[in-house]
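The listed protein sequences derive, respectively, from chains G and W. Read in order, the letters of the first sequence correspond to residues 1 to 101 in this note's numbering. Read in order, the letters of the second sequence correspond to residues 1 to 291 in this note's numbering.
Just so you know, these hints were derived from the structure itself, not from any lab. Errors might be hidden in some of the hints.
Covered stretches of chain W (in silico footprint by chain G; criterion: 3 or more residues with CB under 8 Å from a CB of chain G, positions within the stretch not fixed) [said to hold, decoys possible]:
no. : stretch
1   : 22-33
2   : 50-59
Quick look at which bits of chain G chain W covers, simulated, 3 or more residues with Cβ under 8 Å [unchecked claim]:
no. : stretch
3   : 22-32
4   : 39-46
5   : 84-90
On a predicted model such as this, the values are computed, not experimentally measured, just so you know. Note that beta-carbon positions come from the ideal geometry of N, C-alpha and C, so glycine has one too.
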Amino acid sequence: MGKTTGNVRMSLQTLRVLESFLENPLEQMSGADVHQRCRIASGTLYPILLRLESAGWLVSRWESIDPSAAGRPRRRLYRLTSTGLKRASEVFASFNRGVLA
Amino acid sequence: MSQTTGALIIALVRRAARTAPSSLSARLEEEWLADMQERTSGLSRLRFAVGCYWASVAIGLEHRTAGVAVASAAPGNVSLSVEPARFFSSRAVTFGLVLSLHAAVFGVLMMVGTKLFTPVEPPAIQPRVIDQPLPPITAPPMDPHRSFVDNIRELPKLPPWEPPEEPIVPKIVNDPPVPLQPPGTIGNLPPREIVRVQGGAGPTFPHPGDYYPDASRRLEEQGAAVLRVCVDAAGRLTADPVGTESSGSGRLDAAAIKLAKAGSGHYLPTTEDGRPVAACYPIKIRFELRN
């Protein structure tokens with residue numbers, strides 16, 4: 001069972017998603033990119049991304065391409081917010097201390 | 001991957017996105033279709049589409065319970081507002097749904113089962129009345145002057161017992177004595193023969209050439225002496241060997257005695273029924289010169 005931090009319930013999968021964003025906090029990643037790093041199934045991954053976005057830890061935007069010119073749909077890109085970076089760091093720091101945040 | 005399969009997977013993803021809340025369906029459809037194209041194999045895309053179905057169900061549950069309102073799916077940042085009031089968690093709602101589904105399936109099975117397995121009542125047994133009268137039971141004629149026991153059982157009549165005139169005196173009769181059997185015999189069986197194998201020189205017995213006197217070699221003396229040796233069960237001499245036949249040469253006879261003494265412990269003992277026993281037996285020692 002996860003532990004609720006703010007409005008985000010901390011589960012193992014949520015921690016893995018946050019860890020992938022913390023590797024490079026300025027990087028923007030699509031759901032497919034996160035899947036490549038975390039190997040989390042789509043049925044679990046997208047609810048987590050939306051949950052983190054709803055809590056303000058992540059922010060998303062559409063990829064700035066022309067779909068007709070690129071021949072593919074636009075990707076949704078996610079990025080850590082300053083709040084998300086701070087809270088995620090606190091969560092992992094608390095785990096390193098051995099006490100849940 | 002065939003075009004039919006690809007079209008089917010795309011249809012699955014679109015369908016999954018439309019299952020999500022209406023405010024999110026357009027965004028999720030475009031996002032999932034874009035992410036699906038990152039998958040290379042058909043099986044991976046199919047798993048992705050099935051996962052999207054599950055994701056849309058979970059998102060819909062959280063959307064209803066948390067009251068998440070996504071403004072639009074227009075390009076640019078999406079503003080999200082979160083209402084903290086949450087009466088039931090998504091896991092509790094999911095658990096309730098699963099529990100309800102199990103209860104419904106169980107109820108349907110119970111209803112169908114009672115119809116399928118209606119107990120069959122056995123047919124009632126109808127008694128049959130036999131109109132014919134039973135044959136009469138005829139009893140044997142009985143003598144009214146005799147008792148009931150005498151009528152059903154005729155006891156044999158024994159002659160009257162008369163006591164003897166002379167008293168009965170017990171008589172003691174001595175049986176003739178049984179002759180003793182000689183030892184070694186059982187009853188009338190013949191005595192058992194003991195298989196006796198006489199001993200002799202063993203395989204490690206000293207060679208006569210080693211005891212050939214040098215003078216006899218020079219004089220080319222040859223011959224065979226017969227000695228009598230007494231050997232125990234271990235093949236050792238129990239007494240000094242005694243010459244019984246001379247070889248014709250005193251030197252060879254002395255060498256034979258020396259050889260027989262040196263061979264103590266290398267004799268084969270005499271056996272009786274395979275068991276080694278102490279015994280005395282003759283042994284012939286031959287001295288021959290070989291060119």
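Quick rundown of the hints versus the structure:
1. Coverage of the stretch 22-33 of chain W by chain G holds. Counting CB-CB distances below 8 Å, 7 residues qualify, and the rule asks for three or more.
2. Note: the stretch 50-59 of chain W has 8 residues with beta-carbon separation from chain G under 8 Å; the three-residue rule is met and the coverage holds.
3. Figure legend: the stretch 22-32 of chain G, annotated as covered by chain W; annotation consistent (3 residues with Cβ-Cβ distances under 8 Å, at least 3 required).
4. Proximity of the stretch 39-46 of chain G to chain W, defined as three or more residues with a beta carbon under 8 Å from a beta carbon of that chain, is established by the 6 residues found.
5. With 0 residues having a Cβ less than 8 Å from any Cβ of chain W, the stretch 84-90 of chain G misses the three-residue criterion, and the hint is violated.
Consistency note: the structure conflicts with earlier hint 5 alone.
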